[in-house]
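Okay, here's what each chain looks like letter by letter:
Number of protein chains: 2
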Amino acid sequence: MDLLKVDTIKEARNKLARCAGIMPVTEYAELSGAAGRVLAFDIYSEENIPPYRRSTMDGYAVRSGDLGAAGDMIPTMLKVRGEVVPGTDSSLLTMEAGSCVYVPTGGEVPAGADAVVMTEYCEAFGDSMLAVSRAVSPGENVVQIGEDIAEGDILLSKGRKLRPQDIGTLAAAGIISVPVFVPWKVTVISTGDELVSPDTAPGPGQIRDINSYTIASRSKAEGFGIVRTERIPDNAGAISSALEAAKADSDVVVVSGGSSQGKKDMTAALIGKAADRGVLTHGIAAKPGKPTITGYDEASRTLFIGLPGHPAAALIVYEQLLIDLWRNLTGRGQRRTVKAKVSSNVPSAAGRMTFQLVKLKGDEAEAIFARSGMISPVSEADGYFIMRENQEGVRAGDTVEVFLWE
Amino acid sequence: MDLLKVDTIKEARNKLARCAGIMPVTEYAELSGAAGRVLAFDIYSEENIPPYRRSTMDGYAVRSGDLGAAGDMIPTMLKVRGEVVPGTDSSLLTMEAGSCVYVPTGGEVPAGADAVVMTEYCEAFGDSMLAVSRAVSPGENVVQIGEDIAEGDILLSKGRKLRPQDIGTLAAAGIISVPVFVPWKVTVISTGDELVSPDTAPGPGQIRDINSYTIASRSKAEGFGIVRTERIPDNAGAISSALEAAKADSDVVVVSGGSSQGKKDMTAALIGKAADRGVLTHGIAAKPGKPTITGYDEASRTLFIGLPGHPAAALIVYEQLLIDLWRNLTGRGQRRTVKAKVSSNVPSAAGRMTFQLVKLKGDEAEAIFARSGMISPVSEADGYFIMRENQEGVRAGDTVEVFLWE
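Chains as they are written, first to last, in the numbering used here: chain A, 500 to 905; chain B, 500 to 905.
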């Protein structure tokens, strides 16, 4: 693999982004199941919320002008004209000067009233008179029509991953069917004569399959569907058959194929054969993560990605390349990072983007080193930071932006 | 509700934590479906990973002592004794002095060898001789037995929410059945004569149900099961029947019952009737969130929580009280917060914990105010910070810890 021919992560992602057929399609999801899905269009409100003036307190709807002189010493006396009953039509309640109407929290403020005075400043005399010991400003304790959501407002924008409160906002606006992106369907193929299932005791020279578990779990965490996970020996015919089969039912085919030169070459050749647009990226300028391969099959609209065998590299490259591609295509913003101070000097790889695992301790990021093939340091890490191609490492005390693993 | 009798959030949570029957039970989950679940016990490794010395490079396994003098100008010649084939037993390969064996990345380093030299420093002469132009240190490019995971190591600790790489670590150690906590099963009941379904156009005095959507979605995001969501008018008999029915099949019953005094009193009375241990907390010292009620039924092991009607308050109290109780009981740590500088002065409520919604803009937290009943500011917010009971607000530029909504 020639360093002159490798792509940066961004170049590799952009090549995939130009494969129009990979653009996620949209569907409508029922509101109660839409949390965690990504919004495919901007959503506008067709209504004013609240649709009527609403009290924020248990109190009496009043005309604020009537209470100009009200105070502890000399309360103002108002006539009680009735009570607003939630869920019923209050339009018949009249509010001429000198009168008031009881309104519970959330109740409609009757026409004619312009404020609500809290019950604790009120004292009833019989059924029909109220002594009020406090003046109120116009609009006090009243939510105006459309103050929460105005007709025509953008409620939520395209690319938003819907949170519980967003589901609440959509419910408030009466939007019960939500346009969302259909998550990619992913097949994960682990190749290697040495791989055995985790339920097996490895024999001499054998090792348990790790990457198909991490990559499938990471895919599911992003909302992707898993079509299947397969473990296949280093047999070109068997791998080719699996790639061909995956084209029929998968949007993305992930091949985790070891990091030795022979295996990298075989994975690249087989992706090149399965994909009618061929191999797009053969090697990326990243450490770890160099032996990464991508390809695209236009006829079946299938994206291929060959990941490094090193578990840390496989997971980080999958996030930075494929999951960030999904985020870009669906209009989501950058992933959130947190700032932290590095606790020791960390070298970078010359000419390559370097991913550095870290554990956070308060505001400090402590570098964790996962040698090739190791997985436990990846569990120990809280996330990673990036050193750019032309960056000569970081020094103890430098601030870095950490991509956090949730 | 008497301010003297209200609990702090912590007191309310501690009262619930002392209801032993609410302690989550454990079950075993299949590894491939365990991501996102919370580990119920510490997991120890019963094996060394890797189980053999593994090469981190494509190269030649050597005895480092043989290469003491090797360099660009005067390479050392070694006899090639064969090749390690991944997945096969390499124990028959011999490594006497002056010899070497080809090992691909991840392959087993044969007995007798103590280092691997990268292929780029090697040149083959025929099938059996190799010129090596670089010395290596003992152990160079070799992962030792148990260096990733040593037998007896704690792999992962109780209370951990399993991430994709943790699934990988468990796979590596051959742990295919994982002890996890059984998530609570939750019934969400919205009460109110004024509530209509989101698919309905509200009539005069009516409003669409928001809280059952936000609370059910938040529950699912935490991994809880939703038994059912119901919308019931302010009818004591109907609500009582729903509470009784929920005791039979739910661990947690959430009643979102409006914030007017009459509704609060009714919710408290009905929870008191349904729960054999009665009402535990009647009002919490929080703003927003005061009208919060909890109760516990020991016979059916059911926890009741009556939430404020205000959507922001309902969601925040549900997180701080119920979800943090779940986190405490399952041994998870505090939720992660991010530090940010407040962009304006923000007042606190005297004697009460104050929750302040914020939107993050870079390192700044901009306060967002949701008046009673409003939901769109909760969607706009990225999270919230807390001002303690005895804290007199924060000033512009002060640093606060923001609980982020994902």
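Think of the hints as simulated: they come from the structure by calculation, not from any bench. Any given hint might turn out to be false.
A pair counts as met if it fits within one copy or between any two copies, since identical chains are not told apart.
Below are the BS3-like pairs computed for lysine-lysine, each with C-alpha atoms no more than 30 Å apart in a straight line [as the list claims (entries may be wrong)]:
no.: 1; residue 1: LYS504; residue 2: LYS838
no.: 2; residue 1: LYS860; residue 2: LYS657
no.: 3; residue 1: LYS657; residue 2: LYS772
no.: 4; residue 1: LYS684; residue 2: LYS840
no.: 5; residue 1: LYS746; residue 2: LYS772
no.: 6; residue 1: LYS684; residue 2: LYS746
no.: 7; residue 1: LYS858; residue 2: LYS746
no.: 8; residue 1: LYS719; residue 2: LYS858
no.: 9; residue 1: LYS858; residue 2: LYS578
Going through the hints against the structure:
1. In the homo-oligomer, the alpha carbons of LYS504 and LYS838 never lie at most 30 Å apart, since the shortest distance is 33 Å inside one protomer and 42 Å across protomers.
2. For the homomeric pair LYS860 and LYS657, the shortest alpha-carbon distance between copies (19 Å) is at most 30 Å, but the shortest distance inside one copy (36 Å) is not.
3. Proximity of LYS657 and LYS772 under a CA criterion of 30 Å is satisfied in neither setting, with 37 Å inside one chain copy and 46 Å between copies.
4. Taking identical chains as interchangeable, the C-alpha atoms of LYS684 and LYS840 are never at most 30 Å apart, the minima being 38 Å within one chain and 41 Å between chains.
5. Taking CA atoms no more than 30 Å apart as the test, LYS746 paired with LYS772 passes inside one copy only; the shortest distance there is 12 Å, against 60 Å between copies.
6. Taking the shortest Cα distances, LYS684 and LYS746 sit within 30 Å of each other inside one copy (11 Å), while across copies they are farther apart (39 Å).
7. For the identical chains of this complex, LYS858 and LYS746 are neighbours neither inside a copy (39 Å) nor across copies (43 Å), given an alpha-carbon limit of 30 Å.
8. Proximity of LYS719 and LYS858 under a CA criterion of 30 Å is satisfied in both settings, with 24 Å inside one chain copy and 28 Å between copies.
9. In this assembly of identical chains, LYS858 and LYS578 lie within 30 Å of each other by CA distance neither inside one copy nor across copies; the values are 67 Å within and 44 Å between.
In summary, the structure is inconsistent with hints 1, 3, 4, 7, 9 from the numbered list given earlier, while agreeing with the others.
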